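S.K.: Just so you know, the sequences run in chain order A and B.
Here my numbering is used: the first residue of the first sequence is 1, the next is one more, and so on.
Here my numbering is used: the first residue of the second sequence is 1001, the next is one more, and so on.
No lab work stands behind these hints: they were computed from the structure.
A quick note: this is a predicted structure, and the numbers were derived from the prediction, not measured.
Do not rely on the hints blindly, as some may be mistaken.
[Unchecked claim] Computed cross-link-like contacts, DSBU-like style, restricted to lysine-lysine with a CA-CA straight-line distance of at most 30 angstroms:
(1) A/K221 <-> B/K1113
(2) A/K201 <-> B/K1328
(3) A/K125 <-> A/K201
(4) B/K1265 <-> B/K1328
(5) B/K1048 <-> B/K1091
(6) A/K11 <-> B/K1265
(7) A/K197 <-> B/K1328
(8) B/K1048 <-> B/K1113
(9) A/K125 <-> A/K197
[What the hints assert, rightly or not] Selected chain A positions facing chain B (in silico; Cβ < 7 angstroms):
(10) K34
(11) H82
(12) P102
(13) S104
[As the list claims (entries may be wrong)] Non-contacting residues of chain B with respect to chain A, defined by C-beta distances greater than 12 angstroms in every case (computed):
(14) P1060
(15) R1123
(16) H1149
(17) I1444
(18) P1450
Idealized CB from N, CA, C, for every residue including glycine.
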Amino acid sequence: VKILLVEDDRKIGQFVKNGLEEVSYTAVWARSRKEAQEAAAEGQFDVIILDIGLPDGNGLQLLTEWRESNIAAKVIILSARHEVDDKIAGLNLGADDYLAKPFSFGELLARLRSLVRRNSGGIKKTVLEHRGVRLDLLAREVTLDGAPIRLTQREFALLEYFLQNPARVLSRTQIAERIWDCHFDMETNLVDVYVAKLRGKLRRANEAEPLFQSVRGVGYKFA
Amino acid sequence: VIPLRTSHVVFYAAVVTLTAALAMGFGLWFIDGQMLTGNDFLLDAESKEILARLAQVPPPIDAAKVEAALREHSATDEALFYFQVHEPAGKVIYHSPNLGAEALTDLTGGLDKRTLDLPPLGRLRVAEYHTPAVHVQIAMSLRNFQSVHESFVRVFFAGVPLIAVLSVGFGAALRRSTLRPVRLMQATARRISASNLGERILIPPASGEMADLARLLNEMIARLEKSFNHAKRFTADTSHELMTPLSIIRLHTERLLNDPELPAKFHRSVEEQLQETLRLAETLERLLTLAKADASALSLNLQPVSTGGFMAEFAEDAQLLAESRGLKTVMAQNDDAIAIFDQGWMRQALFNLLSNSLRFSPPNGTITFSSKWADGQWSVEVRDEGQGVPPARLDDIFERFTQITPRSEPGSGAGLGLAICKSIVELHDGRISARNRTDRSGLIVAFSIPLNGRGS
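With these hints in hand, go ahead and build the complete structure from the sequences.
M.R.: Structural data, given as structure tokens:
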């Protein structure tokens, strides 16, 4: 997986580049808008991590240019929330994801992985199944080892999200965005409460480990 | 607004039509007068000739002599005039052949002109002239006069409705063209919000009040834009400058925490460091939100929302959150209405209120919500069973950094939650207030926003 990192801050850039290389991604680091333009013109990237505040221009302008020239790479915006007027603005300009500073590397990695996976395509399934949990999107039914489970709408949506991303870490923010369409703090541990509820409903009598493992500092994973 | 504009057109059309009707009525009166004067002038001219001929008749005057004097003349003028001569006593001694058996009325007092109806001949204008020996009456048919009069009346009755219709159409077109700049201004003004302050009202080409008004509005928008941009730039710069170092701290702290070589005795410190970093970032985030809201630079995505569904969804989340802390929630009332607001921000406000109530509720406490629709307002109340707030501090709780409880309590935020609620509600033209419960201890926080949304 080849990643273009556009970040003007030396310390953040170095940290992220090293981190990506540690997990065997190829990372090219561009420190300015100009460098980013050149790098994007030369190489093929799977994902571009784009900081908004660059010394020689706005990252959103780069995004617009790339989308106009049909660059296929997925773009994840990395910025302080109030830098982009609205997260929606970035997404409207063609970004695939958005991560607010200060971010956690674990979350960045989680989002990169789901972008790369989305990149490889796949047919939209109407029945999702993982570890004995079966979710029928059309019938809106959930079964655990064949036994029906009753879920509320929110719980259903949450389970659907987990089943779409098996064995992948989903951050609390990602979950909050997906289920509540919230891109700000909710001053509550709502996500944890919902995951706990879902855990309780999908618990097998003889199983010690919960279905959804919490990943320290980031979120949850349906292993 | 529309009836007023329509009434303008109706008023305009009425004035035009009335003016036209008056002008035509006056025209008719004037033409009638002119034609009668013309007739009378002809009668006077004719009388001179007749009287001259009669003057040559030697007295005593009798029918034969008069006939001899007038026959030739009356034959030539037969097409236009009728003549009749009678003695002062009233005996008719001559009448022109075209008069047939009819007799012209003797005009009492004489020397007057009069219009009279003589059925087979139609309407006539009669004039009478006196000499010492005879009275002469000369008459003209008013047939031509009448046909002109009648056709004028026909034109009047066809023309006035036509003018009425045309003036309504013309008035509407005039209204449209006059109001076009106003409507353009309205459309632009309506479109302009915090997110597109760069737009300007198109200045109408013709100079005048409209152009001045448009220019004035544009200047006002420009001033607003400047202050908005200032607030936005400030928050963006602050955000960038502070979130970048916070990112670095977070990245490194998390790395330390995940490092198996981190000595166990430092684990807690590093963990604490991470928590405080996140709390700092969160506080900063809220402060910047408030700064933006103060400058009205926060863009709202206003949409019509069913309050019933919105609150039911919120109640579900609230119930779970409360249950996880051993508390209960009750939805006392949930009216359904359509209100216009930004769902994301309103949900944020509700969660802030809820989190406040959760924090202050005693074990096993109940948090009660109600959502009502009254007097064009959507009113939401959140009541808890906590200690309430000293009456003197009820207004303070919406101020920034107000803490009613000790700061160290987990998840207590920085005392910005209710301030953000207030900003969100006020951005929706609403009001928020707090009061203590009277039925038992506890706090009620209530907000209301106009149902038809901001600015109306």
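S.K.: Compare the structure with each hint and give your call.
M.R.: Hints versus structure:
no.: 1; hint: A/K221 <-> B/K1113; result: violated, 117 angstroms
no.: 2; hint: A/K201 <-> B/K1328; result: holds, 20 angstroms
no.: 3; hint: A/K125 <-> A/K201; result: holds, 24 angstroms
no.: 4; hint: B/K1265 <-> B/K1328; result: violated, 40 angstroms
no.: 5; hint: B/K1048 <-> B/K1091; result: holds, 22 angstroms
no.: 6; hint: A/K11 <-> B/K1265; result: holds, 27 angstroms
no.: 7; hint: A/K197 <-> B/K1328; result: holds, 16 angstroms
no.: 8; hint: B/K1048 <-> B/K1113; result: holds, 15 angstroms
no.: 9; hint: A/K125 <-> A/K197; result: holds, 25 angstroms
no.: 10; hint: K34; result: violated, 19 angstroms
no.: 11; hint: H82; result: holds, 4 angstroms
no.: 12; hint: P102; result: holds, 4 angstroms
no.: 13; hint: S104; result: holds, 6 angstroms
no.: 14; hint: P1060; result: holds, 120 angstroms
no.: 15; hint: R1123; result: holds, 85 angstroms
no.: 16; hint: H1149; result: holds, 76 angstroms
no.: 17; hint: I1444; result: holds, 20 angstroms
no.: 18; hint: P1450; result: holds, 24 angstroms
Of the numbered hints given earlier, the model fails hints 1, 4, 10; all others are met.
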